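Residues per chain are reported as follows:
Protein chains: 4
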Amino acid sequence: MEITDFKSIARNYETIFFDAFGVLKNHQGLLPGIENTFAYLKENDIDYYILTNDASRGPKELAQGYQDAGLMDITKSKVISSGMLAREYLKMKVKSGTVAYLGTKESAHYIETVGLKTISIADLDMDEADDVSVLVFLDDEGFDWNHHINKTVNLLRRHNIPTIVSNTDRYYPVNRKEVAVAVGGIADMVENIVRKTFIRFGKPDAQMFIYAHQHTISRGATTDKNKILMVGDTLSTDILGGNKFGLDTVLVLTGNTLAERAESRIRSTGIIPTFVCESAIID
Amino acid sequence: MEITDFKSIARNYETIFFDAFGVLKNHQGLLPGIENTFAYLKENDIDYYILTNDASRGPKELAQGYQDAGLMDITKSKVISSGMLAREYLKMKVKSGTVAYLGTKESAHYIETVGLKTISIADLDMDEADDVSVLVFLDDEGFDWNHHINKTVNLLRRHNIPTIVSNTDRYYPVNRKEVAVAVGGIADMVENIVRKTFIRFGKPDAQMFIYAHQHTISRGATTDKNKILMVGDTLSTDILGGNKFGLDTVLVLTGNTLAERAESRIRSTGIIPTFVCESAIID
Amino acid sequence: MEITDFKSIARNYETIFFDAFGVLKNHQGLLPGIENTFAYLKENDIDYYILTNDASRGPKELAQGYQDAGLMDITKSKVISSGMLAREYLKMKVKSGTVAYLGTKESAHYIETVGLKTISIADLDMDEADDVSVLVFLDDEGFDWNHHINKTVNLLRRHNIPTIVSNTDRYYPVNRKEVAVAVGGIADMVENIVRKTFIRFGKPDAQMFIYAHQHTISRGATTDKNKILMVGDTLSTDILGGNKFGLDTVLVLTGNTLAERAESRIRSTGIIPTFVCESAIID
Amino acid sequence: MEITDFKSIARNYETIFFDAFGVLKNHQGLLPGIENTFAYLKENDIDYYILTNDASRGPKELAQGYQDAGLMDITKSKVISSGMLAREYLKMKVKSGTVAYLGTKESAHYIETVGLKTISIADLDMDEADDVSVLVFLDDEGFDWNHHINKTVNLLRRHNIPTIVSNTDRYYPVNRKEVAVAVGGIADMVENIVRKTFIRFGKPDAQMFIYAHQHTISRGATTDKNKILMVGDTLSTDILGGNKFGLDTVLVLTGNTLAERAESRIRSTGIIPTFVCESAIID
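Protein chains in written order, with the working numbering: chain V, 13 to 295; chain S, 13 to 295; chain P, 13 to 295; chain B, 13 to 295.
Just chain V, same shape as in the assembly (with noise of 0.2 Å):
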């Protein structure tokens, strides 16, 4: 497995995205030396963007957590989201009636800014159901699993409703050596249990990455896929996702894809990266 030098690649490249947790950052906040890359993009007018599974927090809040972190130039515009196509299928397809959630009153507030009703399941009132249009797994906090997760099986049961999946991701790392289940992991079991189909938002879906182009072309830049690089930690979803959008990608190894596994899961996963580098960081 060659290793290539992350500069020596994205200097080629018009546009950049990027995956944020173990790309750009991770447990213990920004990766050290990540603000020299964002620095080169800047200084050659390469543009990026940031393609994240999380619907937490709107991009404005997301954006936010960069900024304060002393990367001042990724606004609100330079994030995309899962939790964005959830909020944009939601204004489409909603015409009236209140969207059921699972997830903090923080990740609902962002449902809410294009005008839909939201009410959390903890505090739907189940004889009164018959308003629910929609239900959105959006985050694994904010709720009490074991009475919310039954509670959203047995609504499931007794009214057929369109489901939605924020955020695709099974577990999320916590820290160095702890990982959480995420709520794309609560949906996969309610979803086994009422055997119904959800609608799931997220990378390695090409959704996500259209979208991203979509922006790219509204902002004035190139709509030649061959000028855009995906870089990612993560095979079954940044790369696989990537190369599925007809994008060159990069694998870093900073993050899910440890060094010395890297090789044997390219292997055996048949999920090719276009280039495997030791980090994004350019010096």
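For the record, the hints were derived by calculation from the structure and aren't laboratory data. Among the hints, a few may not be true.
All copies of an identical chain are treated as equivalent in the list; a pair is satisfied when it fits inside any one copy or across any two copies.
When the alpha-carbon atoms are kept at most 25 Å apart in a straight line, the in silico SDA-like pairs for lysine to any residue are as follows [to be verified]: (1) Lys19 - Glu55; (2) Lys129 - Asp17; (3) Lys239 - Ala51; (4) Lys208 - Arg169; (5) Lys237 - Thr110; (6) Lys208 - Ser248; (7) Lys72 - Val186; (8) Lys189 - Ser145; (9) Lys103 - Ala224; (10) Lys189 - Arg277; (11) Lys237 - Ile222; (12) Lys208 - Thr125; (13) Lys208 - Ile278.
These numbers come from a predicted model, not from an experiment.
Position chains S, P and B against the provided structure of chain V, taking the given hints into account.
Using the frame of chain V, we list chains S, P and B on its own:
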């Protein structure tokens, strides 16, 4: 779909295996009239066993439930539960160390009766988990899902320990209108996240039927499978398992399989009971 | 379940996406009267596209089929097939080497039109397979399943090459009573055996709808998804995909979803069309 | 990972269950030196059985293969195959009608020895299929995949008949470099297409081990599972099945599990053998 009278079938067998929930009882208690069935079996010298996917209590406690409701002949030797198989596995394979579990203290107590040391995931110190030699999913109650499912995921990521699921059901009815997620459903989610292979006990697995069959033989009854009838309300567990073990099977319409959907469910699953009866009640 | 007249729906949209088989035609040819629908669309200046999971031929050949049956307005620019997406992927990602394929010579010919070199698995010398840079499942015909599926499995075990499935369907109807296994079904089997992750093109994947949408835009039509209607006979591909992309959807009862089962299928899958119509025929 | 000498383990057991392929033999025939193992077992009065997922021939023919290679003590009573379980099922459950099969004439011949009438799918007249009472997947050879897999799919769509898979393996080795799709792999594909539930026989299913255990008991050997050892080369069948049945297990490195990958495979699957040995050969 031909509906047959249960009595006209039952009298042709020497032993009958019954599923419990949906066949003998429901959320309100014993099915009215089911006591007549047991009187008929006694009178006609037909032996019987109750095969249940349940690891929340031992067979003694399960039997006590029937006795409290007036069926005094149902003693612990008549009850065969998936928990018994899990306990037998642990007795056979665990030579030392501690059995970590998800479930109630009561469910763990039954495991302890063969001399094993247990610890609830809730009480486990993650930094002293080296002594854990096996993990068991016993019951959906007795722990905080938000915290202890995540703790379980991290235990399995850090330690390579065999994992047992002592009830394969994904959900169970709690009243006429509601179900609850069973420990089998939670185990499926954890297995999908940690991507390891768990060992499962319960119908439709052959082991459950073999255990019952050996019980039958050890008590002097027939070894001839043609003389044993399996009665259940669920195609995918009771009927599939009974068929595979070579038994004649009866689907009753007092539980999971509704009368109006039975025919289409049989056709769509390809799981075909030998007979279909309204209920297991003999007037 | 309310049945709505198709005309009363169609007139509210600027563009209509049609599935082909089960909507416009069946094993006997075009549905009698479907020509009136296209006359109505022309008269009322409603644009349309045909979205089909088919990689057996190029859009030109697919369009020719409609013209031969008398629908002269259906030119190749009106047809969007999963094969087009697969071809675009190959054009974008394959810089050198040979494309190995399972399918007919005709299906490969369409791939070759972008300048790629192809070789049928049937003709491949396994000892000189180093030049193969990608494998494509194109069609269920054109090769000997006994020999060439095994040859494909061994190719993928020995060489780590990306694999493309250009039609996600598992089976397709061949006449009123019979179906045949589609190349998507064969690809699923091979994927389960080699345990790698293939890249799939076709409904319900968003990419199919985006491609159609971009086509629409490039021809000067609306960019507003509220003005596009998706019409299909299959919940799990046409309706799920259309819903997810944010379109209004019509389920027609002239194909895979039988009238007497439509309501229970919608309930059991949780895939809910905006409207249900007898057919897409406008008298 | 500790490697233990096989002899030092074997001598502590009264009965040993061996997997065949990858343990006793490979594509070139018996493993050189394996005859010493059988001499040692005989000398030390340790009983043994061969448990194999194979339904291509009866145990007599399978035993003959060992005898032809010089192991004269391996008679048909020493061989327990998944085909025996399938045959027992058919004998028990099929009271009338014809058994349709996919496989060779030889594989069907073994089924016929219990008095059943069989017909190859190749020879079946689809318009006179009402007499078919069960379908069995016996072998991957003996039929034309292109035509007869499609014929099988249509048979199962039109008739609701129970379906048996007599070998759960998805593929098998044919020489040092190549594998072939096994009948279990073909059955998985058909099951996914017709969406029915098939009945499977073979390791890791408990039934295989129980059958072997009962054989052991009926021949006067121990009933004590602590005195039985399972030896295999495949974690997901031999070791998982042996563990679940409560036996001590040995993973050998002469077959599917390569020495250099054994430790990581054990960790990633969570299927943990009691011992790991280079081979089952006793010098």
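Status of the hints after comparison with the structure:
{"no.": "1", "hint": "Lys19 - Glu55", "in the structure": "within (13 Å within a copy, 57 Å between copies)"}
{"no.": "2", "hint": "Lys129 - Asp17", "in the structure": "neither (49 Å within a copy, 32 Å between copies)"}
{"no.": "3", "hint": "Lys239 - Ala51", "in the structure": "within (20 Å within a copy, 43 Å between copies)"}
{"no.": "4", "hint": "Lys208 - Arg169", "in the structure": "both (9 Å within a copy, 23 Å between copies)"}
{"no.": "5", "hint": "Lys237 - Thr110", "in the structure": "between (39 Å within a copy, 22 Å between copies)"}
{"no.": "6", "hint": "Lys208 - Ser248", "in the structure": "both (24 Å within a copy, 11 Å between copies)"}
{"no.": "7", "hint": "Lys72 - Val186", "in the structure": "within (22 Å within a copy, 43 Å between copies)"}
{"no.": "8", "hint": "Lys189 - Ser145", "in the structure": "between (40 Å within a copy, 21 Å between copies)"}
{"no.": "9", "hint": "Lys103 - Ala224", "in the structure": "both (18 Å within a copy, 21 Å between copies)"}
{"no.": "10", "hint": "Lys189 - Arg277", "in the structure": "both (21 Å within a copy, 21 Å between copies)"}
{"no.": "11", "hint": "Lys237 - Ile222", "in the structure": "both (11 Å within a copy, 15 Å between copies)"}
{"no.": "12", "hint": "Lys208 - Thr125", "in the structure": "neither (28 Å within a copy, 41 Å between copies)"}
{"no.": "13", "hint": "Lys208 - Ile278", "in the structure": "between (32 Å within a copy, 9 Å between copies)"}
Of the hints listed earlier, those the structure fails to meet are numbers 2, 12, in rising order.
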